[in-house]
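2 protein chains.
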Amino acid sequence: MQQISETDRFNVLYRIEASDRKTAQELARDITIEQTVEIPFDCIPQEHFNKGIIGHIETLENPDDGLYDVTISFRSDITAFQLTQFLNVLYGNISLKSGIKVLDISFPHSFYSHFRGPSHGIDGLREILGVYNRPLACTALKPMGLSVTELALMAHEFASGGIDLIKDDHGITDQQFHCFEERVSICAAAVEKANLASGGNTLYFPCVSGTFDLVENQVRFALSRGLKGILIAPFLSGLDTMRYLSEKYGIMIMAHPALAGAFFTGANHGIAINVLLGKIFRLAGADISIFPNWGGRFPFSKQECLSLASSLREEIGWKRSFPCPAGGMNLQRLGEMISEYGNDSVLLLGGALLQDKRGIRENSREFMSRVKAHST
Amino acid sequence: MQQISETDRFNVLYRIEASDRKTAQELARDITIEQTVEIPFDCIPQEHFNKGIIGHIETLENPDDGLYDVTISFRSDITAFQLTQFLNVLYGNISLKSGIKVLDISFPHSFYSHFRGPSHGIDGLREILGVYNRPLACTALKPMGLSVTELALMAHEFASGGIDLIKDDHGITDQQFHCFEERVSICAAAVEKANLASGGNTLYFPCVSGTFDLVENQVRFALSRGLKGILIAPFLSGLDTMRYLSEKYGIMIMAHPALAGAFFTGANHGIAINVLLGKIFRLAGADISIFPNWGGRFPFSKQECLSLASSLREEIGWKRSFPCPAGGMNLQRLGEMISEYGNDSVLLLGGALLQDKRGIRENSREFMSRVKAHST
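Note that the protein sequences, when read in sequence, are chains A and B. Under this note's numbering, the first sequence has 202 at position 200, and the numbering climbs by one with no breaks. Under this note's numbering, the second sequence has 342 at position 340, and the numbering climbs by one with no breaks.
Among the clues, some could well be false.
A pair holds if it fits inside one copy or across any two, identical chains being indistinguishable in the list.
Pairs of lysine to aspartate or glutamate residues, derived as EDC-like cross-links and limited to a Cα-Cα distance of at most 16 Å, are as follows [stated by the list, open to error]:
id: 1; residue 1: Lys230; residue 2: Glu194
id: 2; residue 1: Lys359; residue 2: Asp44
id: 3; residue 1: Lys99; residue 2: Glu306
For the record, the hints were derived by calculation from the structure and aren't laboratory data. Computed from a predicted structure; not experimentally measured.
Take these sequences, add in the hints, and give me the full structure.
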């Protein structure tokens, strides 16, 4: 392991609520201590300041009444370059306070060498699919509670309609009425059968939500059935679980935002959606990050969603990840979604393909033909 | 595995923001679907209703203007009795909405048989320590960034002063300047030496924050050094990671709330602090749950803290857990803390024992003598 310089630091932009500049400065100083040494100011050894172990306030601005934007830098190696401690330095104890929101993070090169990011990224997934000049089309097997036979039939119909990616709904886990191994075997076989018949190349990503002791076996099982990717919800399974599975098995990761919403639904406290589902999920290995698109069942703005997509695709030291807007989308929204997100996106329609009475295969065909027609 | 009846259900009390009763009913119905089958209403097979797979609205009350309390029951086995999917049913997708807060959960007996809860609990820890009629006294090794020798010296002094429990600060993980194995070895030896000299029985709980692939080895290492417990932050490491380590190794678990605050700092969205750090941490195996006490550095009320303590100690199907109020406490607060929390609590003073100029050993002695004097 290379020696990390004491001057190798990462920057976090926090927005803090404060009545005036002096209060903002005090709150910012509290963050530099709370997130590092967490002891009273008068107990901090001078050497800790000299060595840069305490956070540094880099800039402090006042963008709006009662709000201050402070950039604090932290010495990179206090994270041990492990996601658990990185999250702790970023927002561990201050999550318990109020009026502090993470708006941005800038990573130094040391992060790019210690964290691998997505194992495939946009280019890798395109290569596996052989699809280059359009967005990818994705759908979900659901509802939870169907029999394994019904789920497999549905998978067969989606694949016959030519969908690029089929994922399990994130609530379809390891229930006794559709146990993981039986379900994944039969659904994978159904997709394979449809691919053989149609000459298509639909991929099936099963939902992996296993407990600490089961999750790795679930990934091995998926690989043994020839599958190339999984769906996983890092706030249910652990962010580092996702990172590990990506690094160890090189399996493609579609990340689901379940439970993560508590971090970004508060206006002035939490972690901004583009940082959490964008920068952090990418750091942790997401090849595709699913998020609730504006104008669907969830209350996010167009600006938040597009900023998230930028965080996933900007050219930094990791492979680029696919944004996957979802959450109540339908065929009528496709044109707008493609024009806003561009070709490098995964468009997820779930319930909408079940609703139309023409049937799943026909609806999937229409989905594909619209995606191809709208491509830029 | 026993067959779970379709009528075996757990209840969740949600508080939802709604302008009137009709809107509240619609929002409640949305939750029953969003958290289970997640498809449009007109696509739900009738059989899913018949089998109870959709959530049931059990009660709907209007405690205050614009707020409705709805109890929804979910079929227990849709959680697969795994924490990952339990969290998903409880709050997965609706975390992405706004104005929905989990206020309470009631578990049926099936949860008590499928989840083990704390492996030792209050009685088990008391037995290991041989301390029965008073609160336990706990402190923390810090700050992060000291040398291993300095941390070990500090541990020796705390133990010589007679403290019951010494934990690592949760930011002391596996940094190159105090790597896990070296640090834990030397600190454990220092505590053992002090115990031998004093005839005391101080326990040392190292911070385990390892990545998915390292965390189990860290626990094995701690056990190999004769240690009986660990500190772990489930929202950094994964809630199910904690559950697994407790079940597999029977090691005592002190749970730290880092990163969890985003769930309970919002007034009307999230998961109430007593539910998350109380009921859910206990379900997931916490023998001790650390939380920010009122009147310290964090903004929680007395009522929230005492309700959390009740959730940890109420007589239900799991062993009782210790509440551990912390976060800027000092010797002057001890009397009040003991009278409010009673004997079955762990009182954590960190920085306060470093601040007083008489030195760590003397401060620890005073801490112990005050705890003993105030005991009820």
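Verification of the supplied hints:
1. In this assembly of identical chains, Lys230 and Glu194 lie within 16 Å of each other by CA distance solely inside one copy; the values are 13 Å within and 50 Å between copies.
2. In the homo-oligomer, the alpha carbons of Lys359 and Asp44 lie at most 16 Å apart only across protomers (11 Å), although the nearest pairing inside one protomer, at 70 Å, exceeds that limit.
3. For the homomeric pair Lys99 and Glu306, the shortest alpha-carbon distance between copies (15 Å) is at most 16 Å, but the shortest distance inside one copy (24 Å) is not.
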